[in-house]
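Novice: Now for the letters of each chain:
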Amino acid sequence: MWKYEKKLAFPINITKKDLKLAKYIMTQYGGPAGELAAAWQYLDQRYCMPDEKGKALLTDIGTEELGHVEMISAMLYQLTKDATIEEMEKAGLGSNYAQFGKDLFPADAFGNPFNMTYIKVAGDCIANIESDMGAEQRARATYEHLMDLTDDPDVLAPLAFLRQREIIHYQRFKELRDYYLKKKENGELK
Amino acid sequence: MNNYNFNKCDFIQNDITNLFDSYAGYIRGNMFPDLYNTYKINKPFEIVPMNKQAEDLTYINALCFAINDLNLYLDIFPNNKEIANLFKQYEEEKEEALKNYEKNYGPICIDNAVNKNNEWEWIKNPWPWENK
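Keeping their order, the protein sequence lines are chains S and F.
The first sequence begins at 1 in this note's numbering and counts up by one.
The second sequence begins at 1001 in this note's numbering and counts up by one.
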């Protein structure tokens, strides 16, 4: 089960409203390489991991990703909360306003709603973990693109933090993949 | 700049005795110097707390971060007693800091939602997504 802690994993204090950037950052909420997809993919995959290392790592990284969903959500909230309706329309968020007002709704940067087919599970621990490594790399690349699109240090700091987390997660997934490959070679894994 | 050390297929973290401290790791998003990799920015952004409460929270956040990063490492390398011991030390330091913080500013965990005057403090603003 999960317990809420009344704090963010990393502080978000954005003082400058930026609707265009919010539209881009949206993809890390509900897009194909977003935090929501990552969290759910890992938490779905943990049930059939062959041993305790896999079960632990997927549970713990999945949990961390839920905290990252909250960070991205806080960024979206702070970037848009003071916007007028006209400003939202001008930034291409008129449809968002029509459908959701100022509520958050998981979608990609084009406005396509979050899609469960982003979540990769294959019933094979190697295939699953390599999907996770790919998910981390795609998220890392997306964070770099987002960093290219802003100069605001209030936004760059959490983006840089999240990007580095992808690198660490990639490393841990790779270690797990290599460990299972070795187990396979030794006939300890079906 | 080697921007792709995480893609080296033979990368193994050999030296884990030389970790960042909790705050240095926190602002870098990583406790392991060999895995630190930057993009566009030359040095990590410092967290500049606006008041004593924010400063105390940053201290707790850094400890929680260190604990989480060591946690992931220990999931894969559970026999590393040195790192396990460091995890324990950070955990003790965090528990102490959390107790003091919650006494002064209100609950972070639901376990401490009621204060000594039996007041329900949990619902009080600000919530974490609201900027100060």
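Honestly, the hints are just simulated from the structure, not real lab data.
Certain hints may be false.
[Claimed, not checked] Some chain S residues near chain F, calculated using beta-carbon distances under 7 Å: (1) W2; (2) E5; (3) K17; (4) D60; (5) Q78; (6) A83; (7) I85; (8) E144; (9) Q171; (10) R172; (11) E175; (12) R177; (13) L181; (14) G187; (15) L189.
[Stated by the list, open to error] Straight line, CA to CA, 30 Å or less: simulated DSSO-like cross-link-like pairs of lysine-lysine: (16) F:K1116 / F:K1099; (17) S:K81 / S:K120; (18) F:K1124 / F:K1099; (19) S:K182 / F:K1124; (20) S:K16 / F:K1052; (21) F:K1043 / S:K20; (22) S:K182 / S:K120; (23) S:K53 / S:K7; (24) S:K55 / F:K1094; (25) S:K120 / S:K53; (26) F:K1052 / S:K81; (27) S:K53 / F:K1081; (28) F:K1103 / S:K120.
Source: prediction; values computed, not measured.
Where a beta carbon is used, it is the ideal one built from N, C-alpha and C, also for glycine.
Novice: It remains to establish, for every hint, whether it holds in the given structure.
Specialist: Hints and how they fare:
1. Here the hint on S:W2 is broken, as its CB sits about 11 Å from the closest CB of chain F, past 7 Å.
2. Taken as an interface hint, S:E5 checks out: its beta carbon lies about 5 Å from the nearest beta carbon of chain F, inside 7 Å.
3. The beta carbon of S:K17 comes no nearer than 11 Å to any beta carbon in chain F, farther than 7 Å, and the hint placing it at the interface is violated.
4. Hint on S:D60 holds. Least Cβ distance to chain F is approximately 6 Å, under the 7 Å limit.
5. Checking S:Q78 against chain F: minimum C-beta separation of about 6 Å stays under 7 Å; hint holds.
6. About 15 Å separates the beta-carbon of S:A83 from the nearest beta-carbon of chain F, more than 7 Å, and the hint is not met.
7. For S:I85, the interface hint is violated, the least distance from its beta-carbon to any beta-carbon of chain F being 22 Å, above 7 Å.
8. Below 7 Å, beta-carbon pairs count as interface contacts, and S:E144 has one with chain F at about 5 Å; its hint therefore holds.
9. Evaluation of the S:Q171 hint against chain F yields a held restraint, the C-beta minimum of about 6 Å falling below 7 Å.
10. The criterion of a C-beta within 7 Å of any C-beta in chain F is met by S:R172, whose closest approach is roughly 5 Å, and the hint holds.
11. Because the smallest distance between the Cβ of S:E175 and any Cβ of chain F comes to about 5 Å, under 7 Å, the interface hint for this residue holds.
12. Proximity of S:R177 to chain F is violated relative to the hint, the smallest CB-CB distance being about 11 Å (cut-off 7 Å).
13. A distance limit of 7 Å between C-beta atoms decides the matter here; for S:L181 the minimum to chain F is near 12 Å, and the interface restraint is violated.
14. The interface hint given for S:G187 is violated, since its Cβ lies 21 Å from the closest Cβ of chain F, which is over the 7 Å cut-off.
15. Against a cut-off of 7 Å between C-beta atoms, the interface hint on S:L189 is violated, since the closest Cβ of chain F lies about 16 Å away.
16. This hinted pair checks out: F:K1116 and F:K1099 have alpha carbons roughly 13 Å apart, not beyond 30 Å.
17. Taking the CA atoms of S:K81 and S:K120, the gap is about 34 Å. The hint is violated against a cut of 30 Å.
18. A threshold of 30 Å between alpha carbons decides the hint, and for F:K1124 with F:K1099 the separation of about 18 Å falls inside it, so the pair holds.
19. The suggested pairing of S:K182 with F:K1124 is violated, with an alpha-carbon distance near 52 Å, which exceeds 30 Å.
20. In summary, the hint linking S:K16 to F:K1052 is supported, as the alpha carbons are separated by about 24 Å, within the 30 Å threshold.
21. Proximity of F:K1043 to S:K20 is assessed by CA-CA distance (about 26 Å); at most 30 Å being required, the pair is judged to hold.
22. Distance restraint check for S:K182 and S:K120: the Cα-Cα separation of roughly 23 Å lies within the 30 Å cut-off, and the hinted pair is therefore satisfied.
23. Distance check on the hinted pair: S:K53 and S:K7 sit about 28 Å apart at the alpha-carbon level, within 30 Å; holds.
24. Between S:K55 and F:K1094 the CA atoms are separated by roughly 26 Å; this keeps the pair inside 30 Å, and the hint holds.
25. Annotation: proposed proximity of S:K120 to S:K53 holds, straight-line Cα distance about 20 Å (limit 30 Å).
26. Using a Cα cut-off of 30 Å, the hinted pair F:K1052 and S:K81 holds, with the two alpha carbons roughly 27 Å apart.
27. A distance of roughly 16 Å separates the Cα atoms of S:K53 and F:K1081; the hinted pair therefore holds under the 30 Å criterion.
28. Among the hinted pairs, F:K1103 with S:K120 is inconsistent with the structure: their alpha-carbon atoms are about 44 Å apart, more than 30 Å.
When each numbered hint is compared with the structure, violations occur for hints 1, 3, 6, 7, 12, 13, 14, 15, 17, 19 and 28.
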